[in-house]
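Heads up: the sequence lines are chains A and B, in that order. Each residue of the first sequence is one higher than the one before, starting from 1 at the first, in the numbering used here. Each residue of the second sequence is one higher than the one before, starting from 1 at the first, in the numbering used here.
Possibly wrong hints are sitting among the right ones.
To be verified - With beta-carbon atoms standing in for the labels, derived distance ranges: (1) A:335 to B:230: 39 to 47 Å; (2) B:75 to A:9: 55 to 63 Å; (3) B:361 to A:266: 45 to 53 Å.
These are computed hints drawn from the structure, not numbers from a lab. For each residue, glycine too, the CB sits at the ideal point set by N, CA and C.
There are 2 protein chains.
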Amino acid sequence: MKIALLGHGNVGSGVSAIIDKGNTSFTEQLKIKKILVKDESEATDERMVFNIDDALDNDIDIVVECLGGLKFPFACISKALNMKKHVVTSNKKVMATYYDELISLAKKNDVNIVFEASVGGGIPIMSNIRHTKRVDKINSFIGIFNGTTNFILDKMSKEKQGFKEALIQAQKLGYAESNPSDDIDGCDVKYKCCLTGNMVWDTSLNLDDITTFGIRTVSQKDIDFAINHQLTLKLVGRGIKTEGQVQVFVLPEYISNDDTLAHIPLNLNCIVFKSDNLGATSYIGQGAGTFPTAHAVVQDIVSLLNNENLKISTDNKVDINNREYISKFYIRTENLEYFKDYIYKKIASDVIITEPINLFKLKDLIEKTDDKNLFVAGVCYD
Amino acid sequence: MKIALLGHGNVGSGVSAIIDKGNTSFTEQLKIKKILVKDESEATDERMVFNIDDALDNDIDIVVECLGGLKFPFACISKALNMKKHVVTSNKKVMATYYDELISLAKKNDVNIVFEASVGGGIPIMSNIRHTKRVDKINSFIGIFNGTTNFILDKMSKEKQGFKEALIQAQKLGYAESNPSDDIDGCDVKYKCCLTGNMVWDTSLNLDDITTFGIRTVSQKDIDFAINHQLTLKLVGRGIKTEGQVQVFVLPEYISNDDTLAHIPLNLNCIVFKSDNLGATSYIGQGAGTFPTAHAVVQDIVSLLNNENLKISTDNKVDINNREYISKFYIRTENLEYFKDYIYKKIASDVIITEPINLFKLKDLIEKTDDKNLFVAGVCYD
Numbered sequence: 001m002k003i004a005l006l007g008h009g010n011v012g013s014g015v016s017a018i019i020d021k022g023n024t025s026f027t028e029q030l031k032i033k034k035i036l037v038k039d040e041s042e043a044t045d046e047r048m049v050f051n052i053d054d055a056l057d058n059d060i061d062i063v064v065e066c067l068g069g070l071k072f073p074f075a076c077i078s079k080a081l082n083m084k085k086h087v088v089t090s091n092k093k094v095m096a097t098y099y100d101e102l103i104s105l106a107k108k109n110d111v112n113i114v115f116e117a118s119v120g121g122g123i124p125i126m127s128n129i130r131h132t133k134r135v136d137k138i139n140s141f142i143g144i145f146n147g148t149t150n151f152i153l154d155k156m157s158k159e160k161q162g163f164k165e166a167l168i169q170a171q172k173l174g175y176a177e178s179n180p181s182d183d184i185d186g187c188d189v190k191y192k193c194c195l196t197g198n199m200v201w202d203t204s205l206n207l208d209d210i211t212t213f214g215i216r217t218v219s220q221k222d223i224d225f226a227i228n229h230q231l232t233l234k235l236v237g238r239g240i241k242t243e244g245q246v247q248v249f250v251l252p253e254y255i256s257n258d259d260t261l262a263h264i265p266l267n268l269n270c271i272v273f274k275s276d277n278l279g280a281t282s283y284i285g286q287g288a289g290t291f292p293t294a295h296a297v298v299q300d301i302v303s304l305l306n307n308e309n310l311k312i313s314t315d316n317k318v319d320i321n322n323r324e325y326i327s328k329f330y331i332r333t334e335n336l337e338y339f340k341d342y343i344y345k346k347i348a349s350d351v352i353i354t355e356p357i358n359l360f361k362l363k364d365l366i367e368k369t370d371d372k373n374l375f376v377a378g379v380c381y382d
Numbered sequence: 001m002k003i004a005l006l007g008h009g010n011v012g013s014g015v016s017a018i019i020d021k022g023n024t025s026f027t028e029q030l031k032i033k034k035i036l037v038k039d040e041s042e043a044t045d046e047r048m049v050f051n052i053d054d055a056l057d058n059d060i061d062i063v064v065e066c067l068g069g070l071k072f073p074f075a076c077i078s079k080a081l082n083m084k085k086h087v088v089t090s091n092k093k094v095m096a097t098y099y100d101e102l103i104s105l106a107k108k109n110d111v112n113i114v115f116e117a118s119v120g121g122g123i124p125i126m127s128n129i130r131h132t133k134r135v136d137k138i139n140s141f142i143g144i145f146n147g148t149t150n151f152i153l154d155k156m157s158k159e160k161q162g163f164k165e166a167l168i169q170a171q172k173l174g175y176a177e178s179n180p181s182d183d184i185d186g187c188d189v190k191y192k193c194c195l196t197g198n199m200v201w202d203t204s205l206n207l208d209d210i211t212t213f214g215i216r217t218v219s220q221k222d223i224d225f226a227i228n229h230q231l232t233l234k235l236v237g238r239g240i241k242t243e244g245q246v247q248v249f250v251l252p253e254y255i256s257n258d259d260t261l262a263h264i265p266l267n268l269n270c271i272v273f274k275s276d277n278l279g280a281t282s283y284i285g286q287g288a289g290t291f292p293t294a295h296a297v298v299q300d301i302v303s304l305l306n307n308e309n310l311k312i313s314t315d316n317k318v319d320i321n322n323r324e325y326i327s328k329f330y331i332r333t334e335n336l337e338y339f340k341d342y343i344y345k346k347i348a349s350d351v352i353i354t355e356p357i358n359l360f361k362l363k364d365l366i367e368k369t370d371d372k373n374l375f376v377a378g379v380c381y382d
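Please model the entire structure based on the sequences and the hints provided.
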């Protein structure tokens, strides 16, 4: 299999390292012919080229996109598909944003587009979704999809670090995305939930319908609430299927310490699927990092090499209806008066637990407070 | 695909339920033609037959063994392989005991024998080992492979139940194997570690070389030691590869509460693989039960249907050398004098932590005490 690798940064350099080494019977059948980098200054190898047309020559079987970003990778992937080349990408933003377009383009050109590395890094999420669905129906998922925010919350909880201090440490360790707002505002998790939901339910979810709250405003007070109640605060993404529709959202949640999800440390990811036969099955591992992510990319390439059925269906039309998700919520705000009709329990002068309300109502009330420092989290325990 | 199902108990009845329902594009292609049960008294279906020769007619493609036991299932599987039929089994004891014979017999007859359900119940352990190995090298595994003992230790730890009380509850809930000694003495975990090690390292491990300690003698005192030191007592199976040899053993261990493995509740299983690219990847789910286990059996059948490469290699000859595994150990015995030269720390009049010693030395000292109530556990923290 002849490969054009687009991008040679964090992920791309791992992909070329694993393939060039070729130390399994599968990876030894792979050959990287071209590597697209920005310009001469990044060229460290004779395979390196500086524009996309030089990378996509007729000889290439598979195009591997590890560029990051949105418009340029979208253009490159589209071009590759139109040239009838299989595409492997680690780019969750491109896949979640242009899912319908890219899946149809692949279908039209009778090639595959695969994106194992875009969700859960090295954890084999997509291959296990495909595997489970052969025999079973997946009804819901819940997961810690973002290592940076898990690292921050873990450090704030176990070592009483401040939010900023923990974020800086995460960036130093290379966990945080280039733009930390994608992490801390929950967008990164939104993309991943979108892709997970699409694969689980053979659909194409509307990214904008995924209600998303992040942890930008979390304070030690919110962490202490967890500690005092045998709970752990985690940023989770969830998908739940009900009759003919789904609920998909991103939300900090107070998780019971009896739940394994409460005990996922540092920058690890954990994704849990509930299905008819299996009950809950959880997958834990490195959600980012050069070699775990590159490993996932190479797995996709090997699946193409093995001629596996990687066709993706979007035939099952389901709408996201988060009005159906009802929960109690922890709210910390200086403007509690907007919640006065929905108080289940008063915790402090600026903290309440709401009565069970739906996610739309919640969003509406939060917008009314106009409080940029408001913190909200789901409360699932009783 | 035409299937003969041998056994219609806990697992077999789940297999026929999933296949007869046939509600995925894969399971609808499967057909159970014969079901072997003991006699007329168990016949609830016109497909049922009472002797193996009636089950294995020429029409059958796949034989699914869910009988339990050792000699009779071994005879049935051997007969099926010799008739050039693929075999799927959930029987860890048969597989671990006759691994070499069965793998060679399958090879000789150019058919496959697969056993996903024999380790970790519904958790896709074998398929993920196969998957990971395509790109990476697995260096070690550690796991909670037995739900019954995990349930007992969890109940003793969280609810201060006595050992017997917790065991009876596990039996009532249907978790305990027919013979609880296979669970509590660690044999069940031994079989599973043997099969896991065989698959991970393409070898055929000698079952008798797997050093095995169980939890039959565990007391509330041993549980309290964990609680007082932010540890959790778990029965784990481990495999570790070093240069040209492996260490494989079954041992209660005090696990740090910082480790996710310490937080696997009730009867769940958790198996962790460490590999070059991925670091640690963990799989958690139902390790037993009708539908999880039956799901795993049906997954194997679908893999055969899809003509996947399921060939098993035993070409990599490696010996188990547990003399190389060195650790501190918690020892509770009335006969502590045998350990007097190896004391790292005295905990109580009948409890010590040893200096780091190897597993052979440990076994030797334990045998010398001749104390049937001795309890031993690994101590990995510092």
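Going through the hints against the structure:
Taking the beta carbon of each, residue 335 of chain A and residue 230 of chain B are about 40 Å apart, inside 39 to 47 Å as hinted. Distance hint check for residue 75 of chain B and residue 9 of chain A: the Cβ-Cβ separation is about 58 Å, which falls inside the suggested range of 55 to 63 Å. As the Cβ distance of residue 361 of chain B to residue 266 of chain A is approximately 35 Å, the hint placing it in 45 to 53 Å is violated.
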